[in-house]
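Single-letter residue listing:
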Amino acid sequence: MNITELTVHELQEKLQSKEITIEQITKAYVENIEKYEKDVQAFITPLKENALKQAEEIKKKVENGEITNPLAGIPIGIKDNICTKGIKTTCASKMLENFVAPYNATVMEKIYGENMINLGKLNMDEFAMGASTEYSYFQTTRNPWNLNTVPGGSSGGSAAAVAANMVPWALGSDTGGSIRQPASFCGVVGLKPTYGLVSRYGLVAFASSLDQIGPITKDVKDAAILLNVIAGHDEKDTTSVNKEKVDYTKVLKNDVKGLKIGIPKEYFGEGINSEVKQSLEKAINIYKELGATVEEFSLNIADYALATYYIIACAEASSNLGRFDGIRYGYRTANYSDLKELFRNSRSEGFGAEVKRRIILGTYVLSSGYYDAYYKKAQQVRTLVKKEFDKAFEKYDVLLTPTSPTVAFEIGTRSNNPLEMYLADICTVSVNIAGLPGISIPCGVDSKGMPIGMQLIGNKFAEETILNAAYTYEQKCRFRDVFKSDNVSPKGHM
Amino acid sequence: MQVSREEILHIAKLANLNLKEEEIDTYLLHLQDILNFANIVSNAPVDDLNESIGANDTYNVFRKDEVKVFEDNEALLQNAPEKERNMFKIPKVIQ
Numbered sequence: 001m002n003i004t005e006l007t008v009h010e011l012q013e014k015l016q017s018k019e020i021t022i023e024q025i026t027k028a029y030v031e032n033i034e035k036y037e038k039d040v041q042a043f044i045t046p047l048k049e050n051a052l053k054q055a056e057e058i059k060k061k062v063e064n065g066e067i068t069n070p071l072a073g074i075p076i077g078i079k080d081n082i083c084t085k086g087i088k089t090t091c092a093s094k095m096l097e098n099f100v101a102p103y104n105a106t107v108m109e110k111i112y113g114e115n116m117i118n119l120g121k122l123n124m125d126e127f128a129m130g131a132s133t134e135y136s137y138f139q140t141t142r143n144p145w146n147l148n149t150v151p152g153g154s155s156g157g158s159a160a161a162v163a164a165n166m167v168p169w170a171l172g173s174d175t176g177g178s179i180r181q182p183a184s185f186c187g188v189v190g191l192k193p194t195y196g197l198v199s200r201y202g203l204v205a206f207a208s209s210l211d212q213i214g215p216i217t218k219d220v221k222d223a224a225i226l227l228n229v230i231a232g233h234d235e236k237d238t239t240s241v242n243k244e245k246v247d248y249t250k251v252l253k254n255d256v257k258g259l260k261i262g263i264p265k266e267y268f269g270e271g272i273n274s275e276v277k278q279s280l281e282k283a284i285n286i287y288k289e290l291g292a293t294v295e296e297f298s299l300n301i302a303d304y305a306l307a308t309y310y311i312i313a314c315a316e317a318s319s320n321l322g323r324f325d326g327i328r329y330g331y332r333t334a335n336y337s338d339l340k341e342l343f344r345n346s347r348s349e350g351f352g353a354e355v356k357r358r359i360i361l362g363t364y365v366l367s368s369g370y371y372d373a374y375y376k377k378a379q380q381v382r383t384l385v386k387k388e389f390d391k392a393f394e395k396y397d398v399l400l401t402p403t404s405p406t407v408a409f410e411i412g413t414r415s416n417n418p419l420e421m422y423l424a425d426i427c428t429v430s431v432n433i434a435g436l437p438g439i440s441i442p443c444g445v446d447s448k449g450m451p452i453g454m455q456l457i458g459n460k461f462a463e464e465t466i467l468n469a470a471y472t473y474e475q476k477c478r479f480r481d482v483f484k485s486d487n488v489s490p491k492g493h494m
Numbered sequence: 495m496q497v498s499r500e501e502i503l504h505i506a507k508l509a510n511l512n513l514k515e516e517e518i519d520t521y522l523l524h525l526q527d528i529l530n531f532a533n534i535v536s537n538a539p540v541d542d543l544n545e546s547i548g549a550n551d552t553y554n555v556f557r558k559d560e561v562k563v564f565e566d567n568e569a570l571l572q573n574a575p576e577k578e579r580n581m582f583k584i585p586k587v588i589q
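Protein sequences appear in the order of chains A and B. Counting in my numbering, the first sequence runs from 1 upward without gaps. Counting in my numbering, the second sequence runs from 495 upward without gaps.
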């Protein structure tokens with residue numbers, strides 16, 4: 001048995017039946033990090049020794065009955081924009097290269113509250129701005145399915161680490177697709193929860209009205225388990241919603257009979273790779289066989305939504321990133337003669353090119369003379385997008401689209417053309433604008449063996465519906481059994 | 495909308511960023527490209543629609559204004575680029 005190929009719910013079973021120990025789990029993952037990390041480059045701060053020590057301590061406490069959490073001793077990887085007390089949180093930026101958070105994000109309090117083990121902080125695009133993880137200040141993460149391709153982004157480190165079996169699961173964050181698109185590129189499951197379901201306290205803000213933290217996992221059941229851990233109201237995040245807790249593992253019924261699936265035809269048109277399209281069409285037929293009703297309809301907002309997304313996200317980023325001034329934390333320039341120069345030089349030297357580009361774009365659309373034409377208009381389009389989705393959910397339970405118009409692209413092919421990079425988000429951004437939940441699950445591979453992702457979108461707080469729909473498809477098609485993890489062991493320089 | 499060199503320099507100044515001479519043209523090009531694309535929002539049928547500031551419609555969330563002391567000064571000051579005793583050090587502001 002290879003421990004690192006198991007899902008978390010399988011690990012839990014084996015722990016229960018005493019086939020494996022907590023220490024063995026962490027040890028197996030640490031060994032994989034040692035084996036694969038040099039190729040995949042998913043970690044910014046690996047915590048191998050720490051994790052092994054913790055595993056030993058937790059094992060003792062479980063044995064003497066001191067702790068009983070069902071997830072005790074399960075390791076996890078954390079995207080490096082989620083604050084971890086006493087451990088560096090860099091946002092993959094020179095600006096925060098040495099930043100050690102003085103407190104834990106609420107999601108980390110919950111993870112540690114379950115006695116889970118942090119295996120390390122994972123790579124990302126700088127401040128989560130990007131779709132390939134090439135905009136990290138530290139390193140470019142590689143896709144374990146083909147090391148010459150990107151893992152997607154911005155949670156590329158999280159998705160690649162899960163795909164390469166270096167962590168059993170991970171947390172990512174999603175502002176315009178940053179959980180779902182890398183999950184799709186790396187052949188794993190990625191869930192962006194409804195806006196407000198998971199606390200953003202301690203998530204370094206990129207675009208506050210769009211950001212959500214969510215799970216990246218090997219299968220749908222694990223996503224439900226991890227969502228159970230992180231969901232819930234938090235008084236420290238006023239946008240988090242106070243609603244009754246749901247056990248998301250109980251909603252996986254393996255049954256979609258009568259489920260109404262809407263297929264927005266605009267998401268299957270021009271610009272969508274033909275192999276991606278074919279794979280999605282197969283998936284649609286499987287849903288039909290499973291008893292769901294499927295209907296095509298028009299959701300003509302994709303282009304508006306993408307433009308709106310970049311206006312709103314950059315506007316909010318330009319404001320959120322105003323806090324980085326070289327005073328209390330973060331990078332401070334060595335060259336300054338007064339305070340003004342300290343601000344400007346620290347920011348200019350501390351931020352990377354893409355972050356500066358977005359701050360400039362955001363400042364532009366908020367500046368006098370352009371506010372009405374761009375920002376105000378975008379906020380109106382946000383209303384339009386919400387209305388169009390409301391209309392769609394009057395008729396359908398779930399909307400089905402590709403997660404990304406293409407499979408993982410080659411490293412270096414888009415990083416110099418920002419607009420082309422932005423187009424990678426076309427299928428995912430409208431979900432964030434409307435604050436809806438979306439999940440990406442693998443639904444096949446292309447002729448080169450690269451994974452293709454299917455996105456299921458639900459109505460607000462209808463995580464149950466998309467999780468069950470994803471689970472039912474997964475049980476039928478068993479992607480992980482067909483495309484064994486052996487195939488996923490980093491290829492290229494082994 | 496055409497963005498001028500002066501405009502991008504003005505925007506950079508507002509954002510507290512310096513642009514190197516060789517960066518200006520690239521940023522100008524990229525900004526123009528992205529704005530040309532973003533202009534599509536001007537055609538959206540939204541004339542009679544309100545603006546949404548977020549996904550949810552709750553605008554204000556109130557709580558009691560209670561002071562909670564954060565006691566780990568050391569952890570906060572650990573991140574200070576420059577400090578003296580238990581204070582953040584900055585260049586002189588008042589001449």
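By construction, these hints were calculated from the structure, which means they are not laboratory data. Watch out, some of these pointers could steer you wrong.
Stated by the list, open to error - If you anchor each label on the Cβ, the simulated ranges turn out as follows:
1. Asn554/B <-> Lys340/A: 48 to 58 angstroms
2. Ser536/B <-> Lys243/A: 57 to 67 angstroms
3. Val251/A <-> Asp542/B: 46 to 56 angstroms
4. Asn537/B <-> Met1/A: 24 to 34 angstroms
5. Leu503/B <-> Gly412/A: 47 to 57 angstroms
6. Asn98/A <-> Val555/B: 46 to 56 angstroms
7. Met581/B <-> Lys38/A: 39 to 49 angstroms
8. Asn550/B <-> Lys476/A: 52 to 62 angstroms
9. Pro585/B <-> Ser319/A: 17 to 27 angstroms
10. Asp542/B <-> Ser337/A: 46 to 56 angstroms
11. Leu503/B <-> His9/A: 12 to 22 angstroms
12. Arg499/B <-> Asn242/A: 49 to 59 angstroms
13. Pro539/B <-> Thr238/A: 38 to 48 angstroms
14. Gln475/A <-> His504/B: 18 to 28 angstroms
As the structure is a computational prediction, the values presented were derived from the model and not from experiment. Note that beta-carbon positions come from the ideal geometry of N, C-alpha and C, so glycine has one too.
Inset, instruction - Hints the structure violates: just list their numbers, smallest first. - result: Numbers 1, 2, 3, 4, 5, 6, 8, 11, 13, 14, in rising order.
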